[in-house]
Amino acid sequence: MSIIDGQTALPTYTKKDFESGIDPRWCPGCGDFAIINQVQRALPNAGVKRENIVFVSGIGCSSRFPYYMNNYGMHTLHGRAPSFAAGLKISRPELMVWVVTGDGDALAIGGNHFIHAMRRNLDIKLLLFNNRIYGLTKGQVSPTSELGKKTKTTPHGSPDYPFNPPELALGAGATFVARSIDVDGPGLAAVLKGATEHKGSVFVEVFQNCPVFNDGAYDFITDKAVKAEAQLRMEHGKPLLFGKENKKGIRLNPQTIQLEVVTLGENGITEKDILVHDAKREDPTLAYMLASLSTRPGFPTPVGIFRDVRHPTVDELTWEKIEAAKSAKKTDLTGLLSGADTWTIG
Amino acid sequence: MAGRPLWGRDFGSRGRVQGLSYCPMSNQQVASPGRKVEQLETVTIRFVGDSGDGMQLTGTEFTRANALAGNDLATFPDYPAEIRAPAGSLAGVSGYQVNFGSREIHTSGDAPDVLVAMNPAALKTNLADLKQGGMLIINTGAFTAANLEKASYKSNPLDDAALKASIRIVGIDMNKLTEGALEGSGLSSKDVARSKNYFALGLMYWLYNRPFERQLKSIEQKFAKKPEFASANQKVFKAGYAFGETTELFHARYSVPPSKLAPGLYRTVTGNFPMTLGMAVTARLSGKQVFLGSYPITPATEILQEASHFKQHGVVTFQAEDEIAGIGSAIGASFGGSIGCTTTSGPGLALKTEMIGLAVITELPLVIVNVQRGGPSTGMPTKTEQSDLLMALFGRHGEAPLPVIAAQSPGDCFWATLEAFRIAVKWMTPVILLTDGYLANGAEPFLIPDPAGLPKIDVKFQTEPNYQGQFMPYLRDEKLIRPWAIPGTPGLEHRVGGLEKDSLSGMVSYDGSNHEQMVKTRAKKIANVVEDVPDAEVYGKPGGSLLMVSWGGTFGAVRGAAEVLQEQGKDVSHVHLRWLNPLPKNLGTLLRGYKKVLVPEVNNGQLALYLRAMYPGVDPLQFNKINGKPFKISELAARAAELL
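Line by line, the protein sequences are chains H and S.
Under this note's numbering, the first sequence has 171 at position 171, and the numbering climbs by one with no breaks.
Under this note's numbering, the second sequence has 208 at position 208, and the numbering climbs by one with no breaks.
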């Protein structure tokens, strides 16, 4: 295992090393338990010392996360976690910084900070627990709630169109964009592995069930009966096939420039017609088209990594300029205080 | 002296030594033969013109000439919020006032002795301020029918007999003389017109008998990339100087001898700049990174701009997406072991209040600079005001006390910044540092300090467990200060946040008695900061008829008024408050020693309200001015005299 952060050897960690010992105060059956479990499993293999990992959160059910991790942590203000993470990461580039947030926290009150963190390619790992509801305030409409959804503040149905978070992250310039599901352990583990290996802005949407205020929100893709038809599992370098017999696939229609669902063996369709997933593609257009499938009727919901490209990060670029200034200008304290234009009174 | 800052600096006197003899500068010019030279103690000049006329540049350059000649001085620019209002309009007038002299200068001056006006709109908006019998130097070339109409003049005001009788008018067609100087230069007529501010500058150099070699060099440097402009502006500058030499319009030249500034190396500073020096010096003295997370806002923007040039000194700047992210990033950096700072003006401070509460409860060091401007809401962005005092003291939800310091002059912005950082780090607390538009844009000579005499800024990080083999982030020392443990320190992993925390472990606690204890402990800790607050010093007698109390940017005007009145033998004293929270220990006793207390403020009476609450029985009289302009010494002296 590589040692990326310092002189001393990296200890061998187990999942337990990342548990703070405080029992999470989430409702029984909450999807958050499954997510923290996967994060604690992923960290021993991240190649980073425990003390060099910081979890930053805002406000909401998901934002209690840092208290349950045995790392440094900051539980900050509603929507503002990315701003703390920016200051922390830019001032201490050697730290691994995670942001744990929810759909209300990241996309409503914190929308501005969220898009700018992605735009800057801030080297953070942002996990958005999307339960499509406000949980901690007990059941109000969120920016990802479906149109027409009845909640405590929308008793006649929500008149608001929802965000599709991966579209937003891609539009804002995130260099790693993925989606997973709380109950899909292996899928979530694979996405988190990709997230820990990525340098740059990581956005991971996790479909998370809220058993109290929005139970069953993701049954349409997690129910055993429909799962295979409803999920499109993206793997880099592999054809985008799905369905019970893995015979359905996604094709890019060259005439309409649209993605469409086709079936192998029908109308002369063979595997070479099926789009091969390329998460490393520099141009995000295709990733965006895939992300938008989840909002279109008749299409499966993609899960996995949409995009994973390497760009210089804001902390790398900042320190490049600092180092250049340091080597270009050698000024001592007297020189600093005096500047260029002085005069002497005798 | 007891209670003084460790580095023994007297903030009231800006390092002056009375009675020190002055060594004249070697290249002092000799007045032209035959022309009378009048010696003046102080002069106030205001340059006014269209925002495109370059009056800020003219003012700054002339200010520097006076600084180099050894004068004490203070300046005040006055410009519109719009970048370029329509040319020639009343809204587009931009001005720059400088007061320089051979005695100690406290303010940018009351009524100008000389008004240099470049067009009718500038005359219209500034004429009323000119001193009775003062001199108006006016660019008659701009007095066209169209410009007169834009300034709402029905006839040419320069023809007005009453005006001619009350002031001395020196009309010069600067447009034509500039064109003449640049004949054959090949420059466009637009570029030629833009040079005329150098004509005015050259004329002032002649009138006040200033050596011009350094100015010529400075023009050369300023236009190094465009040599054709350098030589054109030099020509126009020389033409202005030569015009003074040959014209019969002036019956005298003036000389303002050097003032008795303390010996040493000086530079001119406007208030925003030395704050960035304070950041860089803090970084160097502490050996830690200063992280400035900020967002552009008038009149604080220059701090972020200037600080971005100090990367090599350990200042990291980050222009965030908004005010909230500015302070959020600074708190994040402080959690990581940097010394966080954010800079803003009133509306931005309003946006940051929730974050300041978080810094209070997490007890992380942070400096919040608020360059106050006219409010409420967007208010008057380019005009000065002191109306955020109560917001700084109390503008947070919950019980959230923090130290509040206010700088008193442009140069003092450096010392106040160092002080704010030292306090933030020592006491693990956010500190609000107040300045205002007047200090931010005003200039004065700054005695460059000896690095060896600067205060120590000690930063200690916790590296070991502090409680039975564990780390307790809220286990305090005898002064109630908590330890600072930063990410990267093995074994001290801990969580902080906005929820009330257990008084020892820092973990979330909803226990009522713990909350009460924490509220009181945080308050006590800030009250303990008083050990770093110097006693208030009286300028005048300790007790008597009238005490004037100032804070922040009104220091100069109030001290000036006190000097004037004391010279007249009046029983008036002055106390200036640099610390607003905690207040100096001796203040209550001091206030009660006078028959009357007068609090002049550029707001509706915020310090007066605060003093009434803090010292029951003390009921200060108020003198409030809220018109976007700083106090004049004369109006303060008049008000104080009325009260005697």
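Read the hints as simulated data drawn from the structure, not as lab findings.
Any given hint could be a false lead.
What the hints assert, rightly or not - Now the in silico label distances, taken between C-beta atoms and shown as ranges:
hint, chain 1, residue 1, chain 2, residue 2, range
1, S, Asn624, H, Ala328, 47 to 53 Å
2, H, Glu197, S, Lys479, 44 to 50 Å
3, H, Pro159, S, Ser189, 58 to 64 Å
4, S, Tyr510, H, Ala328, 51 to 57 Å
5, H, Pro211, S, Gly605, 43 to 49 Å
6, S, Glu516, H, Leu136, 21 to 27 Å
7, H, Gly139, S, Gly379, 52 to 58 Å
8, H, Ser292, S, Phe461, 55 to 61 Å
9, S, His309, H, Leu147, 47 to 53 Å
10, H, Asp332, S, Lys164, 56 to 62 Å
Computed from a prediction, not measured in an experiment: that's the story for all the values here.
All residues carry an ideal CB built from backbone N, CA and C; glycine is no exception.
Right, here's what the structure says about each hint:
Taking the beta carbon of each, asparagine 624(S) and alanine 328(H) are about 50 Å apart, inside 47 to 53 Å as hinted. The hinted window of 44 to 50 Å between glutamate 197(H) and lysine 479(S) holds, with their beta carbons roughly 46 Å apart. The hinted range of 58 to 64 Å is satisfied by proline 159(H) and serine 189(S), whose Cβ atoms lie roughly 60 Å apart. Checking the proposed 51 to 57 Å range against tyrosine 510(S) and alanine 328(H) shows it holds: the Cβ atoms sit about 54 Å from each other.
Range check, proline 211(H) to glycine 605(S): Cβ separation about 56 Å, and the 43 to 49 Å hint is violated. Look at glutamate 516(S) against leucine 136(H): about 25 Å separates their beta carbons, and that is inside 21 to 27 Å. Judged by the Cβ atoms, the range 52 to 58 Å given for glycine 139(H) and glycine 379(S) is violated: they are separated by roughly 40 Å. At about 48 Å, the beta-carbon gap between serine 292(H) and phenylalanine 461(S) misses the expected band of 55 to 61 Å.
At roughly 51 Å, the beta carbons of histidine 309(S) and leucine 147(H) sit within the given window of 47 to 53 Å. Restraint check, aspartate 332(H) to lysine 164(S): a C-beta distance of roughly 58 Å satisfies the suggested window 56 to 62 Å.
Checked against the numbered hints given earlier, the structure breaks hints 5, 7 and 8 and satisfies all the rest.
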